[in-house]
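Student: In case you want the letters, here they are:
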Amino acid sequence: MEIPSWLLSPRLWDFLFDGVVSTLILLTIVWAERKIAARVQMRVGPLHVSPRLGGYFQLIADAVRFVMQEVIITVDSYRVLFVALPPLFVALALMPSFMVPLSPYLALLSRPSLHYGIIMALAVLFYLFIIVVGMGWAVNNRFAYIGAAREALIITAYEIPLLDAFASMFLTYRTIDPIEIVAKQTYIVGALYNPLAFIVYIIGVAMATSRFPFEIADYEGDVATGPYSDFSSIFLALTYAGGIYIALFSYSLLGALVFLGGWAPIAPGPWPADLWGNLAAAAWVMIKTFILMLFFVFLRSVMPVARLDHTLSFSWRWVLTIAVAATAVSAAEYFLL
Amino acid sequence: MGLKMEQYGMVLSEVESGPGGKRTLELLFGPQHPTSGHIRFFVELDGDIIVDIRPDPGFVHRTMEKLGETRHFMMNIPLFERLSLPDAINVTWAYSMAVERMLGYDVSERAEYLRTLFGEMSRISVHLYDLALHAIMIGSSTGFMYGFGLRDLLVNLWAIATGARTTPTWVLPGGVRRAPPKAFYERLAGFLDFLDRKMDEFYRLVVKNPVGYYRLKDVGYLSKSDAAAYLATGPGARGSGVDWDARRDMPYGVYKQLEWEVRVHDEGDSLARTLVRIEEVREAARIIRQLFKAMPMDGPLVGHNAAHKIPPKEREMLNELVRMSGYYVTTTNLAEGTGVTEGGRGRYFFQVFGAGTERLFRVRISTPSWQNLRAFMKATIGARLMDLPAIYGSFGFFPPEADR
Amino acid sequence: MAGQKVGEAIRAVLDVIGLGLKYTLRPERLTIYYPYEVPDYMGRVRGWIGLWTERCTSCMICARICPTNAIKMYMEKNGRRYPGIDYGRCIMCHYCIDACPTYALYPTDMRDLAFYRHEDMMYTPDMMRKPPQVPKLVPQVVKVVHEYSGGRVVKVRLGELGEHKPLPPAPSVPVVES
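Chains as they are written, first to last, in the working numbering: chain R, 1 to 337; chain Y, 1 to 404; chain L, 1 to 178.
Covered stretches of chain L (chain Y as the covering partner; in silico rule of three or more C-beta atoms under 8 Å from a C-beta of chain Y):
(1) 42–48
(2) 54–67
(3) 87–95
(4) 148–155
It is worth saying that the hints were derived from the structure and are not from the lab. Glycine is no exception: its CB is placed at the ideal position from the N, C-alpha and C atoms.
Modelling step: build the complete structure from the supplied sequences, incorporating the hints.
Tutor: Given below as structure tokens:
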């Protein structure tokens, strides 16, 4: 039987793979977060729904509950943004993962624009905070305001170091093209090329996606989940209980490509160039992404929350210093390698 | 969007005092806030700094003192332990002490040892409760689960010994109600070893961890003179260097015969108060280990005067359990009595006035959380908004106990 | 107590992450998985209160010592009053049992009582004669207890949950003829 050519289109397969696998990863990561926290905390965690799978379907049950809940739009809120921003949050959070290739051929973008994939992805991700601030404004509640203001402050803490970390890696690889970046990591992954940049990346992403210990804008202790405090049902699932994990997925995908070697195979030699080879390469990228995400959600079980001003001073004094040092390391590598 | 500032909730109040005045945002913190407990704080914020905070207590006021006048004095024991369920033994001990002094009852030696043992368990319980809530307030869910997981083991031991997990109703005027079984002592010894190990891990996870350390360090400073002036008590005072502990300074129970220390830290910040808690848990474990050796394993559970009121047939069971019929026919004297114990959160004070009938004429209660509230407010002013939960938890403020 | 030094702080963070990894790989769990498992209190926990009507002398001490006024005296056909407990109010303090001069009220260790309606909570004297049948939610309910050894805690299974028995029998008291 003749396979129609559109069915073999790398764009279609990239779209499908990214969509399906990211959903699976998100479900698994939320489950893993609960299970890891439960193991550290002398508990069992989700188990009752599907005990044989370790309570994996609890996530499905929760998703159904979120969808079935009554949608409450508070009287004082600005309705247009209240309704429009949560879907926009998810869209902006997921979009970057479509801008980078998952294997040498699987990519939604083609050559001239694919060249700038990582840069565009970062640009989109840094805009997420505007959505959060907008949500804080639309929710119209004092806790949400304070949370939104905190989010606006936090971006000053992580934006420059995170950009610097990526820029250092671009300097090391002497390119910004994602495919060439991965090709340069065949033997040594980026995290070994420049460990300082990797550390900055870890801290920056933890700040950017409100992972512990930087869950400050939506800290329950004083601002009661901040900008998300009046969201319920599907809106909560799209933002606080789901959307942030999508942003984490996108950041981790970038990290997997730039720092963990992307689809660079374990054994030397290229992946097969056919569809299965490309899918296997993409799966390898996703496994690395998952491992990175696993580390970020693991932090919840061992860390309290840092204070806002401490976070800002920590970022400007230490993280920025490490980032500058990382740039120096990369510059040295640029000239030596 | 055509909205005024007031309409979208950003109510700022301006004060024209001082150079430049101040422009503050009033935040209503509680009572349905995740970390507020049953109390509301009116927090005035200037940017991130708390410039003024006013408490609005009373959401769980249950008229305990008045209810205490309307019923048989024995019926007050289950009532008063609901002041502070985590610290049930120390509360009922203070009340029983007051009633004993009013009635002129003595306490049997075995009951004194058992009360001391359970009082220290109660202290561990309330410290675990407060440390757990403090941990979740500063964001560490693991610390929360450690505290409550350990406390669950402890209350299971209580259930074996006294008959209920959280509402023991166990201390009676003149003695205690029921003797614990052999298995209780064996399991308690094992539990203390486990507790020591887990408290060490709690310390590493929450306090030594730099994230938690800087949440607590130099936060909510309460000077020694302020702590004394605002009558802070318990860890709130001992964290500020006030060396006062009712167990040592107004001796009761068998504390005089045991080797232990009052833990005092001089820094006066949240970290010092938390460290006082953690060290008191270790001290309590040390006291209980000594009690294992010194404790008489047999003997009547109530003192001579109380036993005298109990019918002969029921007096035979006094080594195992105390029945209530003797107490039911006891009436109060025209006298008064006071009882002071050192609970986990501080000093419990009960004063009872007998009326000559079965009911008390008056019961006065002073609870540590209520005393700590003013010190807590004092420590909070000038802190940042994110410090409010860290200070709240460090005082272990417990609204049901404060409101009574 | 000065602030932490940089090296100390880094070591503390690594220590905490190591602790988390250790328990992620080898958890020590305390959870008692109710209703499949129930904690064993050696039958010493205060629970549902039963009544031997033939011993009751209708002295009403139980009703008067009840701290929550949960006990009401019901008039029976023989012209005497017997206690009935409202479990919506009962706090299981067992004062009534301890105050009863003829041991007519007896304790059990049944604490898993649940009711569909408020009327179901009102127990009349004839309902108090024998313990209520608590349906098991799952076919097999296991009793567990936490045992300690060497600073560790393990959950030990003690076999299936049997019938609830009354607590150690009260000394024999002559039955009052009604």
